[in-house]
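This is what each chain is made of:
Number of protein chains: 2
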Amino acid sequence: MNHEESIQELYKLQGRLSAYEHAVSLMYYDGVTTAPKGTASNRAHSTGILTEEMYRISTSSETMELLEALDQEYRDREVTDDPEETKIRRMIYLMLKDIRDMQKIPMEEFVAYQELLVKSEDVWHTAKETSDFALFAPYLEEIFRTVRKFAGYCAPDKNVYDYWLNEYEPGISMAVCDEFFRTLKSRLVPLIREIQERPQVDDSFLHGYFPVEQQDQLSRYLMDLIRLDRDHCGLSTTEHPFTTSLGSHLDERITTNYKTDYFAASMYSVIHEGGHALYDTGSDEAFAYTVLDGGVSMGIHESQSRFYENIIGRSRGFTSHILPKIRELFPESMSNVTEEQFYKAINLAQPSLIRTEADEVTYCLHVMIRYELEKLLLAGDLSVKDLPSEWNRKYKEYLGIEVPDDRHGVLQDSHWSGGLIGYFPSYALGNAYGAQFLKKMKETVDVDRCVQNGDLAPVNEWNRTHIWQYGSLYTPAQILERALKEPFDPAIYMDYLEKKYREIYGI
Amino acid sequence: MNHEESIQELYKLQGRLSAYEHAVSLMYYDGVTTAPKGTASNRAHSTGILTEEMYRISTSSETMELLEALDQEYRDREVTDDPEETKIRRMIYLMLKDIRDMQKIPMEEFVAYQELLVKSEDVWHTAKETSDFALFAPYLEEIFRTVRKFAGYCAPDKNVYDYWLNEYEPGISMAVCDEFFRTLKSRLVPLIREIQERPQVDDSFLHGYFPVEQQDQLSRYLMDLIRLDRDHCGLSTTEHPFTTSLGSHLDERITTNYKTDYFAASMYSVIHEGGHALYDTGSDEAFAYTVLDGGVSMGIHESQSRFYENIIGRSRGFTSHILPKIRELFPESMSNVTEEQFYKAINLAQPSLIRTEADEVTYCLHVMIRYELEKLLLAGDLSVKDLPSEWNRKYKEYLGIEVPDDRHGVLQDSHWSGGLIGYFPSYALGNAYGAQFLKKMKETVDVDRCVQNGDLAPVNEWNRTHIWQYGSLYTPAQILERALKEPFDPAIYMDYLEKKYREIYGI
Numbered sequence: 009m010n011h012e013e014s015i016q017e018l019y020k021l022q023g024r025l026s027a028y029e030h031a032v033s034l035m036y037y038d039g040v041t042t043a044p045k046g047t048a049s050n051r052a053h054s055t056g057i058l059t060e061e062m063y064r065i066s067t068s069s070e071t072m073e074l075l076e077a078l079d080q081e082y083r084d085r086e087v088t089d090d091p092e093e094t095k096i097r098r099m100i101y102l103m104l105k106d107i108r109d110m111q112k113i114p115m116e117e118f119v120a121y122q123e124l125l126v127k128s129e130d131v132w133h134t135a136k137e138t139s140d141f142a143l144f145a146p147y148l149e150e151i152f153r154t155v156r157k158f159a160g161y162c163a164p165d166k167n168v169y170d171y172w173l174n175e176y177e178p179g180i181s182m183a184v185c186d187e188f189f190r191t192l193k194s195r196l197v198p199l200i201r202e203i204q205e206r207p208q209v210d211d212s213f214l215h216g217y218f219p220v221e222q223q224d225q226l227s228r229y230l231m232d233l234i235r236l237d238r239d240h241c242g243l244s245t246t247e248h249p250f251t252t253s254l255g256s257h258l259d260e261r262i263t264t265n266y267k268t269d270y271f272a273a274s275m276y277s278v279i280h281e282g283g284h285a286l287y288d289t290g291s292d293e294a295f296a297y298t299v300l301d302g303g304v305s306m307g308i309h310e311s312q313s314r315f316y317e318n319i320i321g322r323s324r325g326f327t328s329h330i331l332p333k334i335r336e337l338f339p340e341s342m343s344n345v346t347e348e349q350f351y352k353a354i355n356l357a358q359p360s361l362i363r364t365e366a367d368e369v370t371y372c373l374h375v376m377i378r379y380e381l382e383k384l385l386l387a388g389d390l391s392v393k394d395l396p397s398e399w400n401r402k403y404k405e406y407l408g409i410e411v412p413d414d415r416h417g418v419l420q421d422s423h424w425s426g427g428l429i430g431y432f433p434s435y436a437l438g439n440a441y442g443a444q445f446l447k448k449m450k451e452t453v454d455v456d457r458c459v460q461n462g463d464l465a466p467v468n469e470w471n472r473t474h475i476w477q478y479g480s481l482y483t484p485a486q487i488l489e490r491a492l493k494e495p496f497d498p499a500i501y502m503d504y505l506e507k508k509y510r511e512i513y514g515i
Numbered sequence: 009m010n011h012e013e014s015i016q017e018l019y020k021l022q023g024r025l026s027a028y029e030h031a032v033s034l035m036y037y038d039g040v041t042t043a044p045k046g047t048a049s050n051r052a053h054s055t056g057i058l059t060e061e062m063y064r065i066s067t068s069s070e071t072m073e074l075l076e077a078l079d080q081e082y083r084d085r086e087v088t089d090d091p092e093e094t095k096i097r098r099m100i101y102l103m104l105k106d107i108r109d110m111q112k113i114p115m116e117e118f119v120a121y122q123e124l125l126v127k128s129e130d131v132w133h134t135a136k137e138t139s140d141f142a143l144f145a146p147y148l149e150e151i152f153r154t155v156r157k158f159a160g161y162c163a164p165d166k167n168v169y170d171y172w173l174n175e176y177e178p179g180i181s182m183a184v185c186d187e188f189f190r191t192l193k194s195r196l197v198p199l200i201r202e203i204q205e206r207p208q209v210d211d212s213f214l215h216g217y218f219p220v221e222q223q224d225q226l227s228r229y230l231m232d233l234i235r236l237d238r239d240h241c242g243l244s245t246t247e248h249p250f251t252t253s254l255g256s257h258l259d260e261r262i263t264t265n266y267k268t269d270y271f272a273a274s275m276y277s278v279i280h281e282g283g284h285a286l287y288d289t290g291s292d293e294a295f296a297y298t299v300l301d302g303g304v305s306m307g308i309h310e311s312q313s314r315f316y317e318n319i320i321g322r323s324r325g326f327t328s329h330i331l332p333k334i335r336e337l338f339p340e341s342m343s344n345v346t347e348e349q350f351y352k353a354i355n356l357a358q359p360s361l362i363r364t365e366a367d368e369v370t371y372c373l374h375v376m377i378r379y380e381l382e383k384l385l386l387a388g389d390l391s392v393k394d395l396p397s398e399w400n401r402k403y404k405e406y407l408g409i410e411v412p413d414d415r416h417g418v419l420q421d422s423h424w425s426g427g428l429i430g431y432f433p434s435y436a437l438g439n440a441y442g443a444q445f446l447k448k449m450k451e452t453v454d455v456d457r458c459v460q461n462g463d464l465a466p467v468n469e470w471n472r473t474h475i476w477q478y479g480s481l482y483t484p485a486q487i488l489e490r491a492l493k494e495p496f497d498p499a500i501y502m503d504y505l506e507k508k509y510r511e512i513y514g515i
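So the protein sequences, as listed, match chains A and B. All the letters of the first sequence, read from the start, carry residue numbers 9 to 515 under my numbering. All the letters of the second sequence, read from the start, carry residue numbers 9 to 515 under my numbering.
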C-alpha cells in the first residue's frame with residue numbers, strides 16, 4: 009500500500025468504527041429515553057455483539073499493520089506544521105493508544121463488561137426509583153472490580169485511580185486533583201460560612217406547578233437562544249440528563265428531565281447539556297467520522313457545559329433577558345417577580361442534596377465527595393456495601409446536611425452505573441477552566457452586554473475559534489495553552505465566585 | 009467442525025446478524041420517530057456501512073462453507089419430524105435463499121440501495137408534507153430502476169413483479185393476484201353500489217377536537233385490551249404508522265399518528281400495528297436471535313393486523329365494550345352516542361382518499377389500484393412522472409372520487425419510499441386469510457362473547473397456537489393448511505363482508 013492508499017484506509021477504518029459507535033450509542037440512548045421496560049437484556053445482547061465486532065476490527069492484524077506502518081512513517085519524518093499532517097499524526101496517536109489498551113484486555117472480559125453496563129444502567133434506574141441501593145450494589149461491585157482489573161491490564165505500574173483520572177482528563181492525576189481541591193476548599197469553606205451568616209434569599213416562587221408542555225417550550229427557546237442548531241440537535245426526556253453524539257457531530261442529542269414542581273432543574277440541565285452539544289457540534293466539519301470528531305476530554309467538555317449553565321446562564325444579564333419569556337410561560341408563579349429577585353433566587357447558595365441542582369458555591373464540594381469516595385473504593389479502603397453510609401457521613405461533614413434516602417444520596421447520579429469512574433473531578437476542573445476562559449474572552453468580547461441582549465453569537469464565536477473547532481485535535485493542555493496563553497490557575501475561578509457571591513449576598 | 013459445532017456456529021451467525029439488524033432497524037425507527045431533521049445523511053452513512061458489514065458476513069466464505077456443508081448433511085439424511093431438525097432445516101433454507109440472492113447483487117449496488125432508501129424515506133416525508141411529488145420522483149424512479157435490476161440479478165428468468173410478489177408472500181404471483189382481485193372485485197363492486205343506494209350513516213361525532221393526551225391514553229388502553237405486553241412493546245408517534253422488531257421479538261415497537269380532529273384514525277392504527285406486534289412477540293421464545301423469529305410473510309402478517317383492526321376492532325362486541333372508555337376520554341363529542349350509533353359510524357362505508365382510513369368494503373379497491381400501478385410501472389408501461397395522474401384517474405374510475413393533491417393521493421403511503429414494491433397485495437390477501445381464520449376459530453371459541461366481554465385471551469390463544477408461535481418456521485401455505493385444514497378461499501372473506509354490511513345498511 010502506498011502512502012495515499014494508507015491514508016484512505018485510515019479514514020475508511022475510522023468511518024467504519026464510527027458506524028458501530030453510532031449503533032451502540034443509539035441503543036443506549038433508546039434504552040434510556042424510549043425503550044419499553046423489559047428490553048434491557050435484548051439490548052445487551054446486541055450491544056455485546058457489536059462491541060465484540062468493534063473490538064475485532066480495532067485489534068485485527070490489518071488494522072495494527074496499517075496503524076503501525078503509518079506511525080513508523082511519521083516517526084521517521086520531521087514534524088511540520090502542515091495541518092493535514094497534524095491531523096493524521098493525532099489520529100494515529102489516538103487510535104493506537106485506544107487499541108493498545110484494548111488489546112491488553114481479554115476480549116471476553118471487554119465484551120462482558122459492555123453487557124454488564126447495559127444491564128447495570130437498567131438496574132440503577134429501578135434502584136433509584138425505589139431508593140433500593142441493595143438492588144444496585146452487586147452491579148456496582150462488579151463495575152469497580154472490573155475497572156480495577158482493566159487498569160491493571162492497561163497500566164500495571166500506575167495507581168488505578170491515576171489511570172482512570174487520566175482517561176477522562178489526560179494529564180490529570182490524584183496529586184493534581186488533591187492540590188486542586190485543596191485550593192478550592194480553602195476558599196470555598198469560608199465563603200459558604202460567610203454566605204450562611206447573611207439573610208437568606210427568597211426563591212419560593214421557583215417552586216410551584218409548572219406544566220411539562222410549557223417547560224418543553226422553554227427548553228426549545230433556550231436551545232435557540234444559545235444558538236444550538238436544532239436540525240442537528242434533538243431533545244428527549246430521560247431520568248438523568250446527558251448528551252451524546254450519534255455517529256458524528258452531525259447528529260447530537262441532549263436530554264432533560266421535567267419536574268413539574270421546579271422548572272429551574274430542567275432549565276439549567278438544558279443549558280448544561282446544550283453547552284456539551286455546542287462543543288461537539290462545533291467540531292470542524294471535516295472531522296466527522298474520524299476520532300478527531302467531538303470534544304477532547306471531559307474536563308474541557310464540562311468547561312463548556314458549566315460555562316453555559318452558570319457563567320452565562322446564571323449571570324445577571326442572562327436571567328434578565330429570559331425573564332419576560334419565563335413570565336409568559338408561567339404567569340401564575342412568575343409574573344410579579346423582578347429581575348433582581350429572579351437573579352438572586354437562581355443563585356441562591358445553600359447546602360443541598362442533589363449535585364446537578366447545586367449552586368455554584370457548593371457544587372464543587374459535591375464533586376469533592378465523589379472524588380474522595382472513588383479514591384477510597386479503588387484503593388480498597390471502602391467497600392460498596394458501606395458506600396451509602398460513607399456518602400451520608402461526608403454530606404453531613406462537608407455540607408452539614410442529612411441524606412434522607414439513597415435516591416437523594418448515593419443513587420442520584422448515573423455515572424457509576426455507566427462505568428464512569430474518575431469522571432467526576434472533570435466537573436470541578438471544567439468549572440475552573442471555564443472561569444479562566446471567561447477572563448480571557450472578556451479581553452475581546454463584551455460578554456455582559458452580549459448576554460444581556462440575548463446575542464450569544466460573539467461568545468459562541470470565541471469558543472468556536474479557541475475550543476470547539478479543534479474537536480480532539482489538541483490535548484486539553486494544548487487547548488488551554490493556545491486559548492489562555494497563560495498557565496491554568498484555579499484561583500481565577502475562586503475570584504470569580506467570590507466576586508459574584510459577595511455582591512449577591514452583600515458581603 | 010463436527011455437527012454439534014456447526015449447529016453452534018449456525019446459531020452464533022444468526023445472533024451476530026440479528027445485532028446488525030437491530031442497529032439498522034433502530035436507526036430507521038429513530039429517524040422517523042425522534043431524530044432531528046437534518047440528520048438523514050449522517051444516518052445513511054452509518055446504515056450504509058453496517059449493511060455492508062452484514063453483506064460481508066453473510067456472503068463470506070466461512071458462512072457459505074458452514075451453510076452449504078449443513079445443507080448437504082441434511083440433504084443426505086432422511087427427513088424426520090424431530091422439531092429441532094425441522095428448525096435447523098428451515099434456518100438453513102431461509103439463510104441460503106437470502107444469501108444466494110444477495111450474492112447475485114453486486115455489493116456496491118446493494119449498499120448504495122440501502123443508503124438510497126434512507127434518503128428517500130426522508131425526502132418522502134418532506135414531499136408528503138408539502139404535497140410535492142416532483143421532489144420525490146427522482147428517488148422513486150431510482151427505486152423502481154433498482155428493484156427491476158435486482159430482480160433481474162436474482163431471478164433472470166422470472167417476471168420482475170412475480171419475483172417481488174413472491175418475496176413478500178411466498179407462493180404468490182401475478183396470476184394468483186389477478187384471479188384473487190377479480191373475485192373480490194366481482195362481489196365488492198355490486199356491494200358498494202347497494203350500500204350507496206341506502207341512507208347514509210351519521211359519523212359526524214367522530215369528527216371534532218380530541219386532544220393528543222387523551223388519544224395517547226386511549227392507545228395504551230387498547231394495547232392492554234388486546235393484551236400486548238407493554239414491557240416488550242413500545243409506542244411512538246411518526247408520520248406513517250408501522251411496526252418493527254429490534255434485534256428480536258423481545259423488543260417490539262409500534263407507532264401511530266394522532267390527528268386532533270379524528271381519533272378513530274390513530275385508534276385503528278394502534279390496533280392494526282398491535283396485531284402485527286402480537287404476531288411478532290408471540291414467536292416461540294427460543295426463536296429469538298434466529299431467522300425463525302417473527303412473522304413469516306407480509307400476507308400472514310397483515311392477516312393478523314387486519315384481523316385485530318377490523319374483524320375484532322370494528323365488530324359490534326368490541327365497539328360496545330370500548331364505548332364507555334371513549335365516552336370517558338372524549339365526553340364532549342361522545343357522551344350521548346349510543347352503541348348502535350358508534351358501531352355504525354365506525355363502519356361507515358364510502359369511497360375515500362386514504363387507504364389506512366378506508367372502511368372494510370372499499371379497502372381492497374385501494375390495494376387493487378396500487379397493485380395495478382406497480383404492475384404497470386415494473387412492466388415499463390407507466391413512467392414515474394405519469395404516476396400521479398394515473399393514480400388520480402384510477403381513484404376516479406374505481407372509487408368515483410377526485411384526488412385534491414398528491415399528499416392525499418400518490419404520496420400518502422410510505423411503502424414505495426422504503427423500497428417495498430410488491431407489498432400492497434399482502435394487505436388484501438391478509439384480509440381474506442383473516443376472515444377464514446375467524447370462521448375456523450369460531451368452531452372452538454365463542455369469539456363474539458369474548459370480544460363483547462373484553463376478554464381477548466381465548467382469541468389470542470387460538471392465534472398463538474395456530475400462527476404466532478411458529479414465527480417463520482412454516483411457509484404461509486403450511487400455516488394456512490395447518491390452521492384451516494381446507495384450501496384458502498377468498499369467497500369466505502366476501503361472505504363475511506356481505507353479511508356484516510347488509511346487516512349494517514339493512515340491505
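A couple of the hints might just be wrong.
You can't tell identical chains apart in this list, so a pair holds if it fits in one copy or across any two.
List of simulated lysine to any residue pairs, SDA-like, C-alpha gap at most 25 Å [to be verified]: (1) K105 - E149; (2) K493 - G388; (3) K166 - N265; (4) K45 - A294; (5) K95 - D239; (6) K20 - A120; (7) K127 - Y19.
Since the hints were made in silico from the structure, they are not lab data.
Of the hints stated earlier, which fail here? 1, 2, 3, 5
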